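Protein sequence lines, in the order shown, are assigned to chains L and B.
At position 239 of the first sequence (counting the first as 1) the number is 239 in this note's numbering, and the numbers step up by one without a gap.
At position 169 of the second sequence (counting the first as 1) the number is 169 in this note's numbering, and the numbers step up by one without a gap.
Hints were generated in silico from the structure; no laboratory data involved.
Predicted, not measured: the structure shown is a model, and the values here were computed from it.
Please note: incorrect hints may appear among the correct ones.
Heads up, the list lumps identical chains together, so a pair's fine if it works in one copy or across two of them.
DSSO-like mimics (lysine-lysine), calculated; alpha carbons at most 27 angstroms apart, straight line [what the hints assert, rightly or not]: (1) K217 / K5; (2) K91 / K177; (3) K3 / K118; (4) K2 / K223; (5) K5 / K177; (6) K5 / K91; (7) K217 / K2.
Number of protein chains: 2
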Amino acid sequence: MKKIKLTVAYDGTNYCGWQIQPNGITIEEVLNRKLSKLTGEDITVIGASRTDSGVHALGNVAVFDTETSIPPDRISYALNQQLPEDIVIVKSEEVPQDWHPRYCNSIKTYEYRIQNSKVPDPTRRLTHYFVSFDLDVEAMKQAAEYLVGEHDYASFCNVRTNVEDTIRTIYSLDIMKQRDEITIRIQGNGFLYNMVRIIAGTLVRVGRGFYTPEQVKEILEAKNRQAAGVTAPPQGLFLMGIEYR
Amino acid sequence: MKKIKLTVAYDGTNYCGWQIQPNGITIEEVLNRKLSKLTGEDITVIGASRTDSGVHALGNVAVFDTETSIPPDRISYALNQQLPEDIVIVKSEEVPQDWHPRYCNSIKTYEYRIQNSKVPDPTRRLTHYFVSFDLDVEAMKQAAEYLVGEHDYASFCNVRTNVEDTIRTIYSLDIMKQRDEITIRIQGNGFLYNMVRIIAGTLVRVGRGFYTPEQVKEILEAKNRQAAGVTAPPQGLFLMGIEYR
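Chain L with its partners taken away, still in its complex shape:
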């Protein structure tokens, strides 16, 4: 029995997110089906990040156990032949039996992409959050500094369960502007449910002048979801990669 790690990229537009659910097709379901077909076994993958509907990934991670004779590094090629165009296996490799994508120490990198101009670009509508109001990127950068470090991010979490520990560490939070494109890049050791999208929604409010940068410090300290801005829409979010230490 071998344990195989897959690095998976996908366009989330046409999927109901990662996790199997009754209402529509998911990334996990497609991977299970195609891997089971490829190996002749009954394969169930375990994913590192259960991205929401419409969210994209360039480097999500999944593992599964298999007896297949296909060499680990060739599984990606064989699987890509079977997969639809909007899911691509970037890499496949063998990992130790006790390796788990969610229990290992890891650094996750997310990007949130905004198109900031007067008129929406239809070719970016599925990969960007369109904001027509002029955003003050310098103010957003100042606000972002308050969010870096080890904090209780309860204000930036849409509650699914109450039992969760809401302390996480953000290692870096950079905001870059190039022409009409603003990219929020966040690295951390883990993220709460919708955390990146709520941070993005809150920073957009700072960029519009609804909040001062200093107010973001207060929002963080409130430890209350009501204090923060709206959850920014899913299509701007990209899980860029997960680095395991």
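Following the hints, put chain B in place on chain L, whose structure we already have.
Just chain B, lined up with the frame of chain L:
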């Protein structure tokens, strides 16, 4: 009677190109239908560039005549309410009665976008040409220089009719690389059928080492479509804008 000029952006993925045809829905058809509904008149637009299926535009141009009382600069807002998300009117304005988008002197700007890396990015599959072979961008830039100026571009034209004059002027042809993204940016006074895509396909062949940059001069001088490279796929092509003088 007023003549209105529209600047139109669209994601070409779900359309059979600009021009009305029996086999599927087109941009022209959607504009005619929505404008007729908006004005209560029987509107027929005339487009500047009849882009192919899958090709995108950020600034194509169309004109139409109307008696509507909607102020010219407000037509864009009213029309955008009606249009699907993948077509956006960037601007609407009144132009003189004798103005015609194809007979006026103009500078057209196209971009052709390539994703050059080992593994395709599924979130760019509908807006980029994926090339897995390492491209030599410096060689592509050298080759591009031979194509700038006034030339007979018969080698870079897929023939639809034989009667066409194949002399055009390319004002600039720039190639930029940023991470794994190569952008070919071309400005000219007009382009033959598939000309930008054949130039892109030929430059990719230079980048792969199939042609030397100097051979592109020979290809141009051959005035023969057979001499040039393949037509690069439609999804990498963007009509960026048309400037009228």
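Hint-by-hint comparison with the structure:
1. K217 / K5: neither (39 angstroms within a copy, 49 angstroms between copies)
2. K91 / K177: between (30 angstroms within a copy, 24 angstroms between copies)
3. K3 / K118: between (50 angstroms within a copy, 24 angstroms between copies)
4. K2 / K223: Answer is neither: 43 angstroms inside a copy and 58 angstroms across each miss the 27 angstroms cutoff.
5. K5 / K177: neither (34 angstroms within a copy, 32 angstroms between copies)
6. K5 / K91: within (8 angstroms within a copy, 49 angstroms between copies)
7. K217 / K2: Intra 47 angstroms, inter 55 angstroms, cutoff 27 angstroms: neither.
Hint compliance for this structure: hints 1, 4, 5 and 7 are broken, all remaining hints hold.
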